[in-house]
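Number of protein chains: 2
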Amino acid sequence: TQISEIYISQAAAKIDVDFDYDGPLMKTEVPGPRSRELMKQLNGIQNAEAVHFFCNYEESRGNYLVDVDGNRMLDLYSQISSIPIGYSHPSLIKLLQQPQNLSTFINRPALGILPPENFAERLKESLLSVAPKGLPQVITMSCGSCSNENAFKAIFMWYRNKERGHNNVTKEELESCMINQPPGCPDYAMLSFMGGFHGRTLGCLATTHSKAIHKLDIPSLDWPIAPFPRLKYPLEDFVKENQQEEARCLEEVEDLIVKYRKKKKIVAGIIVEPIQSEGGDNHASDDFFRKLRDIARKHGCAFLVDEVQTGGGCTGKFWAHEHWGLDDPADVVTFSKKMMTGGFFHKEEFRPNAPYRIFNTWLGDPSKNLMLAEVIKVIKREDLLNNATHAGKALLTGLLDLQARYPHLISRVRGRGTFCSFDTPNDATRNKLITIARNKGVVLGGCGDRSIRFRPTLIFKDHHAHLFLNIFSDILANFK
Amino acid sequence: TQISEIYISQAAAKIDVDFDYDGPLMKTEVPGPRSRELMKQLNGIQNAEAVHFFCNYEESRGNYLVDVDGNRMLDLYSQISSIPIGYSHPSLIKLLQQPQNLSTFINRPALGILPPENFAERLKESLLSVAPKGLPQVITMSCGSCSNENAFKAIFMWYRNKERGHNNVTKEELESCMINQPPGCPDYAMLSFMGGFHGRTLGCLATTHSKAIHKLDIPSLDWPIAPFPRLKYPLEDFVKENQQEEARCLEEVEDLIVKYRKKKKIVAGIIVEPIQSEGGDNHASDDFFRKLRDIARKHGCAFLVDEVQTGGGCTGKFWAHEHWGLDDPADVVTFSKKMMTGGFFHKEEFRPNAPYRIFNTWLGDPSKNLMLAEVIKVIKREDLLNNATHAGKALLTGLLDLQARYPHLISRVRGRGTFCSFDTPNDATRNKLITIARNKGVVLGGCGDRSIRFRPTLIFKDHHAHLFLNIFSDILANFK
Numbered sequence: 001t002q003i004s005e006i007y008i009s010q011a012a013a014k015i016d017v018d019f020d021y022d023g024p025l026m027k028t029e030v031p032g033p034r035s036r037e038l039m040k041q042l043n044g045i046q047n048a049e050a051v052h053f054f055c056n057y058e059e060s061r062g063n064y065l066v067d068v069d070g071n072r073m074l075d076l077y078s079q080i081s082s083i084p085i086g087y088s089h090p091s092l093i094k095l096l097q098q099p100q101n102l103s104t105f106i107n108r109p110a111l112g113i114l115p116p117e118n119f120a121e122r123l124k125e126s127l128l129s130v131a132p133k134g135l136p137q138v139i140t141m142s143c144g145s146c147s148n149e150n151a152f153k154a155i156f157m158w159y160r161n162k163e164r165g166h167n168n169v170t171k172e173e174l175e176s177c178m179i180n181q182p183p184g185c186p187d188y189a190m191l192s193f194m195g196g197f198h199g200r201t202l203g204c205l206a207t208t209h210s211k212a213i214h215k216l217d218i219p220s221l222d223w224p225i226a227p228f229p230r231l232k233y234p235l236e237d238f239v240k241e242n243q244q245e246e247a248r249c250l251e252e253v254e255d256l257i258v259k260y261r262k263k264k265k266i267v268a269g270i271i272v273e274p275i276q277s278e279g280g281d282n283h284a285s286d287d288f289f290r291k292l293r294d295i296a297r298k299h300g301c302a303f304l305v306d307e308v309q310t311g312g313g314c315t316g317k318f319w320a321h322e323h324w325g326l327d328d329p330a331d332v333v334t335f336s337k338k339m340m341t342g343g344f345f346h347k348e349e350f351r352p353n354a355p356y357r358i359f360n361t362w363l364g365d366p367s368k369n370l371m372l373a374e375v376i377k378v379i380k381r382e383d384l385l386n387n388a389t390h391a392g393k394a395l396l397t398g399l400l401d402l403q404a405r406y407p408h409l410i411s412r413v414r415g416r417g418t419f420c421s422f423d424t425p426n427d428a429t430r431n432k433l434i435t436i437a438r439n440k441g442v443v444l445g446g447c448g449d450r451s452i453r454f455r456p457t458l459i460f461k462d463h464h465a466h467l468f469l470n471i472f473s474d475i476l477a478n479f480k
Numbered sequence: 001t002q003i004s005e006i007y008i009s010q011a012a013a014k015i016d017v018d019f020d021y022d023g024p025l026m027k028t029e030v031p032g033p034r035s036r037e038l039m040k041q042l043n044g045i046q047n048a049e050a051v052h053f054f055c056n057y058e059e060s061r062g063n064y065l066v067d068v069d070g071n072r073m074l075d076l077y078s079q080i081s082s083i084p085i086g087y088s089h090p091s092l093i094k095l096l097q098q099p100q101n102l103s104t105f106i107n108r109p110a111l112g113i114l115p116p117e118n119f120a121e122r123l124k125e126s127l128l129s130v131a132p133k134g135l136p137q138v139i140t141m142s143c144g145s146c147s148n149e150n151a152f153k154a155i156f157m158w159y160r161n162k163e164r165g166h167n168n169v170t171k172e173e174l175e176s177c178m179i180n181q182p183p184g185c186p187d188y189a190m191l192s193f194m195g196g197f198h199g200r201t202l203g204c205l206a207t208t209h210s211k212a213i214h215k216l217d218i219p220s221l222d223w224p225i226a227p228f229p230r231l232k233y234p235l236e237d238f239v240k241e242n243q244q245e246e247a248r249c250l251e252e253v254e255d256l257i258v259k260y261r262k263k264k265k266i267v268a269g270i271i272v273e274p275i276q277s278e279g280g281d282n283h284a285s286d287d288f289f290r291k292l293r294d295i296a297r298k299h300g301c302a303f304l305v306d307e308v309q310t311g312g313g314c315t316g317k318f319w320a321h322e323h324w325g326l327d328d329p330a331d332v333v334t335f336s337k338k339m340m341t342g343g344f345f346h347k348e349e350f351r352p353n354a355p356y357r358i359f360n361t362w363l364g365d366p367s368k369n370l371m372l373a374e375v376i377k378v379i380k381r382e383d384l385l386n387n388a389t390h391a392g393k394a395l396l397t398g399l400l401d402l403q404a405r406y407p408h409l410i411s412r413v414r415g416r417g418t419f420c421s422f423d424t425p426n427d428a429t430r431n432k433l434i435t436i437a438r439n440k441g442v443v444l445g446g447c448g449d450r451s452i453r454f455r456p457t458l459i460f461k462d463h464h465a466h467l468f469l470n471i472f473s474d475i476l477a478n479f480k
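Quick note, the sequences are listed as chains P and W, same order.
Counting in full-length UniProt numbering, the final residue of the first sequence is number 480, and the numbers go up one at a time with none missing.
Counting in full-length UniProt numbering, the final residue of the second sequence is number 480, and the numbers go up one at a time with none missing.
Because the hints were derived from the structure by calculation, they are not lab data.
Keep in mind that a hint or two might mislead.
Same chains, same label: a pair holds when it works inside one copy or across any pair of copies.
In the DSS-like style, the derived pairs of lysine-lysine whose C-alpha atoms are separated by at most 30 Å in a straight line are [said to hold, decoys possible]: (1) K480 x K347; (2) K171 x K263; (3) K124 x K440; (4) K94 x K240; (5) K211 x K264; (6) K27 x K240; (7) K265 x K171; (8) K133 x K40; (9) K40 x K377; (10) K232 x K291; (11) K480 x K133; (12) K171 x K432; (13) K347 x K40; (14) K480 x K124; (15) K380 x K40.
All values derive from a computational prediction rather than experimental measurement.
Construct all of the structure, not just a fragment, from the sequences and the given hints.
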C-alpha cells in the first residue's frame, strides 16, 4: 500500500502543477482600463471605493488570480484568506459536474428543520473529521459574524444555566426577555482584546477593536476590553520584556473580570484570535494563551477561540490554537472563510438545551459542506498542512533575509506556517509597496496600520515563495 | 407579439406541469423509520430536536417535498418561505449544467474588493430589476440577520452624519468608538414592534419580540418597543375598533420616540415587517403603514421595512410594502430567503460615505446572484406575481369557507396573495392539525402561539390550493 500511496500522492501533485499557472503575466497597470470602467459602473449601484480590481474567475487557476484586463497575478491574499485550495481546483470542478450533486446547489434547505439525508454523514466527513480535540459538537452558520454571534449566544445560555443550577425558567424571565430587560436578558458580557477583530454585526462589533472605521457611529455595549500583548522583535532578543508584557495583559484580564462583576456586569466568556489578523497580525506566545485559558476556567468564563481567519490549515496545523498544547481544550471554536461555511465547534456542555435556541432559516448551506468535504480530502491527500509548514518556512526565511537587507523598510517579520507578516515604517509606505507589488504581478494584503500580511492558499508551495521573494527583493532594491 | 406571448406562456406552463408531481403519496408516518434513525444520528452531533424529518431533495420537485422514507408531500411551508420557484426547477438545473457557470460556484470572491466582471450587470438583471421604487442602491449580504444588522448600521451612520452636518469626525469620536463608548459609539436605537421578528444576532435580536425562546438569556439593548395592532376579524365587522387600535399603536410610537429622546437615547430608525410573520401573521392596514412612514419622517427617523419573509412575490406584488401606496418610499428595505441572497435596498442618502464601512469578507455570494437572476426571469416569464394573487384568492376563499364550516377550529382567516394564515383555538390544536396534515401529505408551518401560516412557492397554483383544501376539509371533518 505504501507504493500506491506514493503513486497517488505524485499523481495528485501532478494535477496541481497542471492546473496552476507558471508565473505572473502583466499586460496593464492594475486596476487596468476595463477594471476602471467596471468600478465606475458598480459605483452607481453601491459605494465601490474598496474595490481593488475586477476579476476573471473563469481564467483564475491555482495561486493565480486573473483580472479583467488579462493580468495574471500570484495571489498571496486569496480573497481575504478565504480560498482554501486555489482557484478552479480540478477536484471542485469535478464535484460540480457530477449530476448527483446538482440538487445540493439548487435546493437550499432550512437545515434545522428539514435536513438532507446525508447531512450528519457530510458533517462527519468534513467538519468533524478536523474537529479540535475535545469539541465533538458542531453547528453550521452562513458567515463568520453569524458564527461568533451564535457562539456568544451559546455561551450566554450556558452561563445562565450554570447560574440557575436547574432547568426552571421563571415567568419573570420569560416576560422580561420579551422587552429586552433583565432577568430574562441578563447583563452578561464577552471580554475581548484591543486590536481584535470578530466581525461587524452589533454583538461581534462590541468585541472588535481593530480600526475606528469599523466601529464609528454604531451603538455598542459596555463590555470589557483587555490589552493584547505588543511583542518586541526579534523575539529572542526581548524574552524578558515580552514575558512582562504578556503578564501585564493577563493581569488586566483578571482585573477587568473582577471590576465588571463588581458593577454587576458578568463576563460570561473571553474571545480571542490565535493571531490578531485584521488588527495587524499581532502574535502572543503559546504560554500566554495557556495562561489565558486558565484564567477563563478560574473565573468560570467560557473560552472562545475565533479561528475564522487562522483556521483551515495555513499555520501548519488545521487550527492555529492546536499549537498551544492546551491541557483543557477551548470551550468554543468559531470558523468561516477557508472552511467555506461558517459555524462553531463546542464542548458537550455548551450544547443548547432546547431546540430553536440556536437557529435561523438556513443554518449554513449544504452546498458549502459538500465542497468543504472535497477540500478536506484534497488537504489530506496532498498533505497540505505539512506543505503550509514547509512553504511557510521558505517564506519566513526569505522575509527575514529581506529584513536583514532592508531594515528601513521591513521589520518585525513574524509568522506561523504561511500565515506570515511584517511591518513597514508607515501606512503610506505599506500601501505603496502593495501597489508596486500588484503591478509586478503579486497580490498582497495589508492589516493593522502598517503591516503586510501573507494569506496564500494551502497549495502555495516553496517555489511560489521563491518567486515572490525574487520579485519583492527587486521591488525593495528599487524602492524610493 | 401577443400570440407569441401566449405561446411562450403556455410552453412555460407545460414545463412546470412536467416537473411538478401530481399529488402527495404517503408510505409511512412522518417522520418515518429512516428519518428517526437519522435524527438520532444527527442528535449526536448537535441538538436535532427541531428536525421535522429528513429529506430527499434529489427526488423533490416543484411543490412537492419528498422525504427519506419515500413520502411525497405538498409543501406549503417551502423551507420557512425560502424556496422561490419550487424544488429542482428545470431552469436552475440547466443553469448549473452550463460549463461557463462552474467558476461562479467554486471561486467565491471577497465581493467588496475583488468582484467578478459581471457583478454590476448581474445586480442589474436580478435585484435592481425588482428594486422597490425610489431605492436605487443595493448591497448584498449572506443572510437575513446580516441584512438587518447592516441596514441598522447604514441607518446609524446616516443619522450621525445628519446630526454632524459636516464630514469632520473628531479625534474624540475616533478614539471613543474603539472602546465602545460615546460619542464615537452614540446611544442610538432602532424602534421595533412587539411581535416582530428581525433575526437572531444581537443587534437584530434587540428588535425581535416574537417568542421568549428566541431571546431568553441573551443580553440586549434598551431600545423602544411599540405595540403592533391586534386586529379583529372579520375586518369588515370591526372597522372602527381596528382603526382605534391602529391609532393607539401609532400614538405609542410617537410617545416612545419622544420619551427615549428625553433620556438621551435617540431613535435613529423604525423597523417593521409588512406582515409580522414569525410573531403570528399579524396584519395592519395599508393606512397604518402610511401613517407610520409619516411619523418616521416627522421625527427624522429612517423607515426600514423588513421584507425578509414577505418579499419575493408571494403577496402578489414583488414587495409586500408596494401594496401600501406610499408617497415617499421606505428608506431601507431588507431581503433574504426567497431572494436566495440577503441584502438591502436603500435611498441614495443612505449610501455609506466611505469604503469599508458596510463590509465583510463575502458580502453575499455571486452564485446566489446567478440563481436569483434566473429565478426572476422565471417569475417574469411565467407571470408568477399574478399567479400568487390568483392562487392566493383560491386559497383564501377556501379557507374562509372552512372557517364558516368549522368556526370552532378556524378563525381570523387572513392573507395577501398566497401569504395566508388562520388561527386555531390553541397551541395544542394547531400542532395536532399540522401533524395530521403532514401524515396526509401536506407540509404546513406554524407561527405565533396558535396560527398556521401558508408559505408555498411561487409556482403554487389554483389546483394545488384545491388539492390542499380537499385534504384539509377531510381533516377538519374528522378532527376530534
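Hint check:
1. In this assembly of identical chains, the alpha carbons of K480 and K347 never lie at most 30 Å apart, being 53 Å within a copy and 45 Å across copies at closest.
2. Taking identical chains as interchangeable, the C-alpha atoms of K171 and K263 lie at most 30 Å apart whether they share a chain (26 Å) or sit on different chains (29 Å).
3. When the C-alpha separation of K124 and K440 is checked against a cutoff of 30 Å, the pair qualifies neither within a copy, at 43 Å, nor between copies, at 34 Å.
4. Taking the shortest alpha-carbon separations for K94 and K240, neither the intra-copy value of 53 Å nor the inter-copy value of 64 Å comes in at or below 30 Å.
5. When the C-alpha separation of K211 and K264 is checked against a cutoff of 30 Å, the pair qualifies both within a copy, at 29 Å, and between copies, at 26 Å.
6. Proximity of K27 to K240 under the C-alpha cut-off of 30 Å is found in neither arrangement, the shortest distances being 51 Å within a copy and 72 Å between copies.
7. For the identical chains of this complex, K265 and K171 are neighbours both inside a copy (22 Å) and across copies (29 Å), given an alpha-carbon limit of 30 Å.
8. Proximity of K133 and K40 under a CA criterion of 30 Å is satisfied inter-copy only: 23 Å between copies versus 49 Å inside one chain copy.
9. Taking CA atoms no more than 30 Å apart as the test, K40 paired with K377 passes between copies only; the shortest distance there is 26 Å, against 41 Å inside one copy.
10. Taking the shortest Cα distances, K232 and K291 sit within 30 Å of each other inside one copy (20 Å), while across copies they are farther apart (61 Å).
11. For the identical chains of this complex, K480 and K133 are neighbours neither inside a copy (49 Å) nor across copies (52 Å), given an alpha-carbon limit of 30 Å.
12. Within a single copy, K171 and K432 get their C-alpha atoms only as close as 61 Å, which misses the 30 Å cut-off; across copies the closest is 26 Å, which meets it.
13. Proximity of K347 and K40 under a CA criterion of 30 Å is satisfied inter-copy only: 19 Å between copies versus 49 Å inside one chain copy.
14. For the identical chains of this complex, K480 and K124 are neighbours neither inside a copy (53 Å) nor across copies (44 Å), given an alpha-carbon limit of 30 Å.
15. When the C-alpha separation of K380 and K40 is checked against a cutoff of 30 Å, the pair qualifies only between copies, where the shortest distance is 29 Å, while the shortest distance within a copy is 43 Å.
When the structure is compared with the earlier hints, violations turn up for hints 1, 3, 4, 6, 11 and 14 and for no others.
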